[in-house]
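Please build the complex by placing chain Z on the supplied structure of chain A, with the hints as guidance.
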Amino acid sequence: MIRNLATELSTRDAVAATTLVLLLVAAPFVVGDYLLSVILIILYFAYVGQAWNLMMGIAGQLSLGHALYVGLGAYTAAALFVHFDVPPAIGLFAAMAVAALAGAVIGFLAFRFGISGVYFALLTIAFAEFTRILFSHFDWVGATSGFFLPVENRTSSDLVNLRGTSVMFYYVILTLAAGALVFVRLLAGTRLGYYWRAIREDQIAAQALGINVFRYKMLAVVISAAMTAVGGVFLAFYYNNLFPTDVFGIHRSIEIIVAPIIGGLGTYFGPVVGAFLIGILGEGLTNATEAAGIQTAGIKQLVYGVILLLIIKLVPGGLWPLIARRLGFSIKERRK
Amino acid sequence: MTKSSDNRTISSAISRRRFNAALAASGALLAAPATLRRARAAAPLKIGCLAPLTGFFAREGQNCKRGFDVAGPMLADMGMAVEIMMADTESNPDKARTAAEKLIGEGAQLLIGTFVSGETAAVAQVAEQRGIPHVINIAAAPQITEQGYKFVFRNFATGPMLVINGLGLIKSLFAATGTTPKTAVFMHVNDTFGTAMSKGIGALFPKMDMPFEIVETIAYDPKAKDLSVEVTKAKATGADILMPVSHGADAIMLIREMVKQRWEPMGVMTPGSPGTYEAQFYKALGKYSEYVIANVPWIDPKTAMSQEFAKRFGDMFSGEMLELNAGFSFEAVLIAADAHKRAGSADPNALADALRATNIEEHVMIGGPLAFNDKGQNVNIASAALQNLERRPTVVLPAESAEAAPVFPMPGWGDAKRG
Chain A
1 MIRNLATELS TRDAVAATTL VLLLVAAPFV VGDYLLSVIL IILYFAYVGQ AWNLMMGIAG
61 QLSLGHALYV GLGAYTAAAL FVHFDVPPAI GLFAAMAVAA LAGAVIGFLA FRFGISGVYF
121 ALLTIAFAEF TRILFSHFDW VGATSGFFLP VENRTSSDLV NLRGTSVMFY YVILTLAAGA
181 LVFVRLLAGT RLGYYWRAIR EDQIAAQALG INVFRYKMLA VVISAAMTAV GGVFLAFYYN
241 NLFPTDVFGI HRSIEIIVAP IIGGLGTYFG PVVGAFLIGI LGEGLTNATE AAGIQTAGIK
301 QLVYGVILLL IIKLVPGGLW PLIARRLGFS IKERRK
Chain Z
337 MTKSSDNRTI SSAISRRRFN AALAASGALL AAPATLRRAR AAAPLKIGCL APLTGFFARE
397 GQNCKRGFDV AGPMLADMGM AVEIMMADTE SNPDKARTAA EKLIGEGAQL LIGTFVSGET
457 AAVAQVAEQR GIPHVINIAA APQITEQGYK FVFRNFATGP MLVINGLGLI KSLFAATGTT
517 PKTAVFMHVN DTFGTAMSKG IGALFPKMDM PFEIVETIAY DPKAKDLSVE VTKAKATGAD
577 ILMPVSHGAD AIMLIREMVK QRWEPMGVMT PGSPGTYEAQ FYKALGKYSE YVIANVPWID
637 PKTAMSQEFA KRFGDMFSGE MLELNAGFSF EAVLIAADAH KRAGSADPNA LADALRATNI
697 EEHVMIGGPL AFNDKGQNVN IASAALQNLE RRPTVVLPAE SAEAAPVFPM PGWGDAKRG
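Line by line, the protein sequences give chains A and Z.
Position one of the first sequence corresponds to residue 1 (this note's numbering), numbered consecutively onward.
Position one of the second sequence corresponds to residue 337 (this note's numbering), numbered consecutively onward.
This is chain A alone, in the form it adopts within the complex:
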């Protein structure tokens, strides 16, 4: 499959992809701690955006509660680490399993009873919200007081326990973001990917062609949930503290979906482009308002919002298809 993917790349694509990877790999040696922390967050959103993109962009199932899987992944791995000394390298699988189970429950409730579209989206929000409330009363993981992981000021890296420097975390999230991109692209090229796209385009037609719609929609939710949970594990061990409002909050769900929408819903590279644009835009505006001596709070958010609105209005398909067309990239990507 990887060989197939490689043959789809033109020379121009290959050069661009290699350059980007080399730049990102070299970043810790070139940029300072501040920029590295910004790129790290960008890559995190590229990763979780890709996980959401698989469910919405490719399978066509709108989730507005993906923070649920971030939180479940984060809390599961963190609790196993703190209470049972289970390293995150193992806790990761438990986190994925818990999130996948939650996704399966939501998917079953929705798809078995014909809930779809905005009603499905509302269901995902409801689950995320009541899980936030549940964890706000869950003393075993700190409830509202927060759940704190023991912090060590390390200069060396321990990948098994995810304890180490910012550079280690940077390479971890870079690997995850790149891995997710390749994984989603490969998955989309399989029979499963074609089924998902058929369901996305016309569910009734797909069903008429013999596709088991329920099964493949469930698979999309479960895989996306498990992938998102990995992002949650990263978040837990990077920040070392978890608060229910921070990880399960609706703002977290919205943050996850902005990058793929801006970058290009249903495209494989869209979440990456969107995450970079949003990250650069956010920090760029902060620096620009500071440089201009603007003290009024909220100006940055206002400009930021207007720019996002303009992008959505002027380029409703997202930025990546536009960029790809202009620069002559030929990676096959399909979107609704």
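Bear in mind the hints are in silico, worked out from the structure with no lab data behind them.
If you're wondering where the values come from, they're calculated on a predicted model, not measured in any experiment.
Using N, Cα and C, we set each Cβ at its ideal position, and we do this for glycine too.
Keep in mind that the hints are not guaranteed to be accurate.
[Stated by the list, open to error] Taking CB as the label site, the calculated pair distances span:
#, chain 1, residue 1, chain 2, residue 2, range
1, A, Phe29, Z, Glu442, 48 to 58 Å
2, A, Ser157, Z, Lys561, 47 to 57 Å
3, Z, Gly622, A, Leu101, 51 to 61 Å
4, Z, Gly441, A, Ile204, 53 to 63 Å
5, Z, Ala555, A, Phe214, 38 to 48 Å
Chain Z in isolation, oriented as in the chain A frame:
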């Protein structure tokens, strides 16, 4: 709250000459002989101040910023030059972390912030990794100072401290007024803060030998538009006092409903929450805002430094109410500047050593000297019983800081004393 009412005590009670004399005295106290031997730090200390200036916690963050804004020029006049580098955390832990990195990259030698526990924990981690001292102005999650950090210092009460201080003041109030109720209703908003307070009270109330019994605990939704059922339920218990834990609009709604249902308990006193001492509370409720008590950390109206701070605050922010977030933010800068002065250097390790040895007798907030235990926590922070008198929050306890005597039981809703 108007400027004139805010600063009523200040303007009449202190002159600049008196303040300067007090400053000289406190300066002498701060300047131990060892410090005198050191050369005074030549360049101002670059302090990176983080606060949620936008987003969900913007109102509180803006109050913090006002404290920072007053601190710069005031401390410069006290011979402690600082350069404030302000950053907005946007009420977001991700942003708080990158903002801390940015400030350090731009030369911040010490960090202060942030107000929100999740953000503060993220900043503390950056500070610890980078070896830059971090003075926490506000954040109550106890675990932040339980992490074994060497560069993190908190000048704010933890959640349990707030509850212990709040309940302790209720006992003191009864002793001071000679009136001891027998029963109470505890009503709390059912959000993160309210739930944490409820759990804290549930755990600590039995251990504090309180002279009354909580006969009913009633939780309500933070987005509730009507509290008639809850107030009816509370009234039906016949409890002597109401202990609410509220935020803002819900506190107003609660009192309005009490007035409507003519429930007149002996007192309404929160064991440690905002909502009842804010400008909107006075504006919305008028005479019904009177006599409500909140037991929260507060600015000591009796120290020369706090009086000067209040005066400058009034001059800089006419019409804004001076409250605890500004006070603690000012104190955080004071602590940093004092450490810098004693260290004679902005070297992070020297600053951290100086912070550990902090002992500031005269400061702004009510409580003992500013000092840190081996975990970096100031355990001397106290709360004040803050009673609404003449449409302003007035310290009535502890006695040494009191501006007026407490009024308890409170007069009925229709009493002429309410004005």
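Structure-based check of all given hints:
As the Cβ distance of A/Phe29 to Z/Glu442 is approximately 21 Å, the hint placing it in 48 to 58 Å is violated. Separation of A/Ser157 from Z/Lys561 is about 52 Å and conforms to the stated range, judged on CB atoms against 47 to 57 Å. The beta-carbon spacing between Z/Gly622 and A/Leu101, approximately 55 Å, falls within the hinted interval of 51 to 61 Å. Restraint check, Z/Gly441 to A/Ile204: a C-beta distance of roughly 56 Å satisfies the suggested window 53 to 63 Å.
At about 40 Å, the beta-carbon gap between Z/Ala555 and A/Phe214 stays in the expected band of 38 to 48 Å.
In summary, the structure is inconsistent with hint 1 from the numbered list given earlier, while agreeing with all the others.
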